[in-house]
Amino acid sequence: MNSLEKIAATIKMQHVECVPVIAQVFGHAATLTGISINQYVRNGEILARCQLNAQRKYGYDAVFSVMDTSVETEALGSILHYYQNMYPVVVTHVLSPGSDWNDLAAPDPQKAGRMPEMLKALGILRKELGDQTLVVGCVVGPFTLVGQLLGLENTLYLAIDDPERLERLLDFATEVLISFGRAQLKAGAHLPIVFDPAASPAVIPPALFREFEMPRLRRLFQALESRGSAANWLHIAGPTASILPYYRDAGVDIANFDYCVSMNDASNMLPTICLDGNIKSLSFVEGTPAEIRKESKKLLRFFRERGGFILSSGCEIPLESRPENIAAMVEAVQTKE
Amino acid sequence: MKAFISAVLEGDCDKSVHDAKELSESGVSSENIVVNGLEAAMSALDAKCTLEEFNLLEIMLAGRAVMAVMKLLYPSGVATNASKGTIVIATLEGDVHDLGKNILKMVLIGKGYRVIDCGKDCPLQKLIETTANENPIAIGISGLITPVIVQVKQVKGLLAEHKLNQVKVVAGGAALKQSSPEKLNVDFVAESAFDCLHYLEKVTEATL
Chain G
17 MNSLEKIAAT IKMQHVECVP VIAQVFGHAA TLTGISINQY VRNGEILARC QLNAQRKYGY
77 DAVFSVMDTS VETEALGSIL HYYQNMYPVV VTHVLSPGSD WNDLAAPDPQ KAGRMPEMLK
137 ALGILRKELG DQTLVVGCVV GPFTLVGQLL GLENTLYLAI DDPERLERLL DFATEVLISF
197 GRAQLKAGAH LPIVFDPAAS PAVIPPALFR EFEMPRLRRL FQALESRGSA ANWLHIAGPT
257 ASILPYYRDA GVDIANFDYC VSMNDASNML PTICLDGNIK SLSFVEGTPA EIRKESKKLL
317 RFFRERGGFI LSSGCEIPLE SRPENIAAMV EAVQTKE
Chain R
28 MKAFISAVLE GDCDKSVHDA KELSESGVSS ENIVVNGLEA AMSALDAKCT LEEFNLLEIM
88 LAGRAVMAVM KLLYPSGVAT NASKGTIVIA TLEGDVHDLG KNILKMVLIG KGYRVIDCGK
148 DCPLQKLIET TANENPIAIG ISGLITPVIV QVKQVKGLLA EHKLNQVKVV AGGAALKQSS
208 PEKLNVDFVA ESAFDCLHYL EKVTEATL
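Line order of the protein sequences matches chains G and R. Taking this note's numbering, the leading residue of the first sequence gets 17, the next gets one more, and so forth. Taking this note's numbering, the leading residue of the second sequence gets 28, the next gets one more, and so forth.
Hints are supplied without guarantee of correctness; some may be wrong.
Only part of the chain R face toward chain G is listed, based on derived beta-carbon distances under 7 Å [as the list claims (entries may be wrong)]:
| no. | residue |
| --- | --- |
| 1 | Asn-82 |
| 2 | Leu-84 |
| 3 | Gly-121 |
| 4 | Val-123 |
| 5 | Ile-164 |
| 6 | Thr-173 |
| 7 | Pro-174 |
| 8 | Lys-180 |
It should be emphasised that the hints constitute simulated quantities derived from the structure, not laboratory data. It should be emphasised that the depicted structure is a prediction, and the values quoted were computed from it without experimental measurement. Think of the CB as a built atom: it goes at the ideal place given N, C-alpha and C, for glycine as much as any other residue.
Please model the entire structure based on the sequences and the hints provided.
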């Protein structure tokens, strides 16, 4: 079985000889290749080359055309500050609570900001890897995009002060993400992962997730599925135990869970949905290969009977991670106990 | 006062300001409104918020009410009753995620601390200079991304260079709380804003 076939079988909860392993390596691929993050997040060709280099080195089952979480907001007019070796950040949000939002128009993914570079990277990755290895694009979730357009605090206050206005903005964000996600599929992605850090219960109450975000995630996933997305992969980090029960209604096929959610909770709440996680991200920086191996084996043992599991980190593998720690996670699925 | 406390707890900003104005006009001192009103509301919120049931939005709304009442009581921005001491807070260079820092600020102000906010994307030099000028009990650093860890590790050394060894360093936020005080070279790693408050209260008690 190649990587893509293994993942497809795992999503269907079928038994696989070797459990898929996906290191969430994004900017670390640049660090590993000796390229600055500044170049990596601006140039699709460089991004693809770094991703291929990292995948060849470690041998995991997916590559990512992921720049950072500010691609969409920049395409809509927010201003970013770029660092040499850190991800860019929003310095001026395109919207303010008092501004008129009626003129907002969805950006053209072929032209706006860095969107075309992300698409270029997907084209290269798919051409190189074909249907052997999963090629993953990325859109942020609707709540995260609104948080990036308006600022997170303003967004949260708006949820209380003028929920109808927030809902209109969330609907607009959803349309932007559908258009960008579909462009990614056309460019070569097998699927776009949906990153929604601002929808974490660390930020919004579960009721707000259920009422505001879940229906829009469902709409987004349905729209991507109708254009051939291989699976609906939702990535929300932090203490998500209280929102996992809503994932089924959102149409999630692969649910990421972070280190602060127990294997038991994740498995009990989503008994028939494929899970990926949940090694603590920082342990790839601070830990040792022996510790990573131990954590990996614990997860593999727990999910052996259940199936439907992809070994991974709980969130992104940090830029400054030790390569031997990533290698230890990948090796864990290949070695028998 | 009871109705005022409820309004703050419910995050009803307009009613909180209205009630504080009425209390003030009826002769209740600003200090009394802060100590028996705002601090009582924050303590009630503290008791409600466990690590499992941590409703950030609820804290933000109460915090917004606290800030509006403080602005009413102390229009110049100087709270004369901030008797518990000064805390310097910052999100370090390269990190613009300041929601956690802002929550901490509201909680600390609500509990009677004087807070000097160095803002987000703050260079270490600015943090140390501010600390040297303001004589705080502690520095609170919030970090959402791991690359700032390199800077966090340097803070205590820089404080020592400036003979500011007595200043405690507290770290918090999604990235930093995955680590430990030893690895970050700080005095305490807080799980939440209230966890940070509890640590500071212990430090304050010990120094009084």
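The hints, checked one at a time:
1. Asn-82: Hint on Asn-82/R: holds, closest Cβ of chain G at ~5 Å, below 7 Å.
2. Leu-84: holds, 5 Å
3. Gly-121: holds, 5 Å
4. Val-123: holds, 4 Å
5. Ile-164: violated, 26 Å
6. Thr-173: holds, 4 Å
7. Pro-174: holds, 5 Å
8. Lys-180: violated, 11 Å
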